[in-house]
Amino acid sequence: MPAQLVFERRPRAILAVNDSLLMARRSCTHIIRNTDQLLGAFFQPIMFLVLFAAVFGGAISKTLPPGTSYLDFLMPGIIIQTVAFGSTTAAVAVCNDLQKGIVDRFRSLPMSPLAVLNGHVASNLLRSAISTVVMLVVGLVIGFRSQASVIDWLAIAGLILLFTLAFSWLSAIVGLMAKSVEAVQWLTFVLVFPLTFASTTFVPAAGMNPILKAFAVNQPITQVVEAVRALMLGRPIGNFGWLAIGWNIGILLLAVPLASWLFRLRASG
Amino acid sequence: MSIADYVIEVQKLTKSYGKVEVLKGVDLQVERGTMLALLGPNGAGKTTIVRILSTLLGFDEGTVLVDGHDVRTEVNAVRAVIGLTGQSTAVDELLTGRENLVMMGRLYRLTASSAKVRAQELLEEFDLLEAAGRPTKTYSGGMRRRLDLAVSLIATPPVLFLDEPTTGLDPRSRLAMWGIIKSLLAGGTTILLTTQYLEEADQLADRIAVIDGGRVIAAGTPSSLKSKVGNDRLELTFLDDESFRHALTALDDDVIDSNAAEYSASVVINDTNSDVKRALNMLAEAGVVVQSLAVHKPTLDDVFLSLTGKLKPSGTVESN
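Chains A and B supply the protein sequences, listed in that same order.
For the first sequence, the working numbering begins at 1 and goes up steadily by one.
For the second sequence, the working numbering begins at 1 and goes up steadily by one.
I should point out that these hints are in silico values taken from the structure, not numbers from a laboratory.
Take the hints with a grain of salt, since some may be wrong.
As the list claims (entries may be wrong) - A few chain B residues facing chain A, derived, Cβ under 10 Å:
| # | residue |
| --- | --- |
| 1 | N42 |
| 2 | T73 |
| 3 | V75 |
| 4 | I154 |
| 5 | P158 |
| 6 | L185 |
Stated by the list, open to error - Some chain A residues judged to face chain B by a derived CB distance under 7 Å, without partners named:
| # | residue |
| --- | --- |
| 7 | P11 |
| 8 | L22 |
| 9 | I31 |
| 10 | D36 |
| 11 | L39 |
| 12 | R105 |
| 13 | L109 |
| 14 | M111 |
| 15 | S112 |
Cβ coordinates follow ideal geometry from the N, Cα and C atoms, glycine included.
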C-alpha cells in the first residue's frame, strides 16, 4: 500500500521560486560531480594568471603609468576574462539538457518552465565565484596588491556578479540556438575570444590601431574591466562604473526575454 | 449503449510539420483503468501523438482531452495527472537514482518529506535500492529504464504515457518491465503505450490501435486484431520431395501454405502445445521425417500485410 502523498499548498509564485532553487541545486551538483569541469574552474584561471603575468609582464609594464605593476593591471582583466569564458559552460549545460530527453520530462511536469534556465545561470554564478576567489588568492601569493577599501570590494563583487549574470544569459541563448554541444563550443569561442581580447583586458588601448581602439574602448567588457580596475587600484572610476552597470542591465533586459522565448520554442520542437 | 468513462479522448487530430502531414485525422478513446497500445512502425506518428497528449507539442486541428481537461487550454491541470516515460531515458545522469526521484517529486509539487518517502517506496518496488546512491550514468540500460518509469510514477499519476518502454531492452529486462506495467494496470492506472511489437501489445493491452502514415488503420481488442492477421503457424521443412509429398497428404486440411521447391509447409496452430504435438504425431504415423520446425508468431509486418496488403508499412517522417 503506497504512502499517502502530501502536496504543497503554497502560493504559485513561491512554488515557482522553489522550482528554480531545485534546478539550481541540480546544476550545482553537476559542477561538484563533474570533476573535469571543477578542475577547470580551479586551474585554468591560475594558468592564465601566471602565464600572462610572466609572458606579457616585461613587455607591457613599460607602457603602464609609473608605479603600476603589470600584475595589478592584469588582475581585473583576467578575472573578467575567466568569468566570460567560464560562462560558456552554461551554454553547454543548456544544450546538453535539450539534447537529452530531460527537458521533455521537465516540461511534462506542473513546474515553472524557466526554472531550468534559472538553475544553470545560478550554478554559473557559483562556479564563477569559485574561479574568482581562486585567482585572487593566487594573485596575492605572487604579488598582487590592491588599494581597495571594503566598500570598494563590495562594489567589485557586485560588478563581477552583474557581469556574470549578463554573460550567463547570453551564454544560455547560445546554448538554445546551437544544434550540438560541439557547435556551442566553437560559437562561444568565436564570440568570447574577440570580445575579451579586443578590449583593455590585457593591454592598455593606447597602442592599438584607431579602428580597433574605437571598438575596444566602447565595448562592454572594457567598461567592466576598467571599472573593476579603477576600484582595485584606487584610481578615479570616471564613467566606467555607470557604463558597466548600464551595459549589463541592457544585456539582461534583452537576453532574459529572448532566452525564455527561445526555450519555449526549442523545447516544443 | 452505455456511457463510457474515457480518460483519453482524441478526435480528428491533425498535425503537420511544414508541408509534411504527420497526423491525418486520428481518433482514439481510452477507458479509465485500461490500456490502449498504439502499434506501428517508426515514423507512423506514435511519438507525435504521445507528445501532443502530454502537452509537449501543439497541433493543428481536432480536440484532445486528458481526464476531461483540454491539453491546449488546461495545460497545468493535464500535467498534474499525467506521467510520461519518453523514448530517450529522461533521468539526470550526474544525480543518483534517489536524488532524481526526490527532485522530480518536488517538481510534481510533493512536499519534501512526502517526496522522500515515495522515493524510498519506488526504489524498493523497482529493485533499485542497492543502486540508489550511485549516479545514474553508472546504471545499466534496464536499470535506467526502470528508474525512468519510477520517476514518472513519483506522484502516482492516474494517467501514464509510455513511449516504446521496452525498445532496446534485453529479454529479461523486457519481461521485468511487462510485470511492472501489468501491476500498474491492476492498480487502476490508465495507460497509453506505444510499441513496434505486436507481441507486446497483445500481452499488455486491452485494446490496440494500429497506426500507419498518420492514421489509425485498425483498432480493436488484441484477439479481434489477431483474427484478422492470422494465428501462429508451425513451419515445417522436409528432407526431400518424397517426404514433402507424404507430409502434405498426412496433414491435409491443416496446411495453409506450402513450397514444393523448398520442401516446406505451414500449419495453423491455435494452441502451441497441443497443436504442435498433433501435427508431429500425424507426421510420425505417416513415417515422415521432419528436417526442421519453427513456430512463427505474427509480427508487425504480418499485421501490415493483412491490413494493407503491402509488405512494408508506409510510415511518414521521424518525428523525434
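Evaluated hints:
{"no.": "1", "hint": "N42", "in the structure": "violated, 17 Å"}
{"no.": "2", "hint": "T73", "in the structure": "violated, 15 Å"}
{"no.": "3", "hint": "V75", "in the structure": "holds, 9 Å"}
{"no.": "4", "hint": "I154", "in the structure": "holds, 9 Å"}
{"no.": "5", "hint": "P158", "in the structure": "violated, 12 Å"}
{"no.": "6", "hint": "L185", "in the structure": "violated, 16 Å"}
{"no.": "7", "hint": "P11", "in the structure": "violated, 12 Å"}
{"no.": "8", "hint": "L22", "in the structure": "holds, 6 Å"}
{"no.": "9", "hint": "I31", "in the structure": "violated, 9 Å"}
{"no.": "10", "hint": "D36", "in the structure": "violated, 12 Å"}
{"no.": "11", "hint": "L39", "in the structure": "violated, 16 Å"}
{"no.": "12", "hint": "R105", "in the structure": "holds, 4 Å"}
{"no.": "13", "hint": "L109", "in the structure": "holds, 5 Å"}
{"no.": "14", "hint": "M111", "in the structure": "holds, 4 Å"}
{"no.": "15", "hint": "S112", "in the structure": "violated, 9 Å"}
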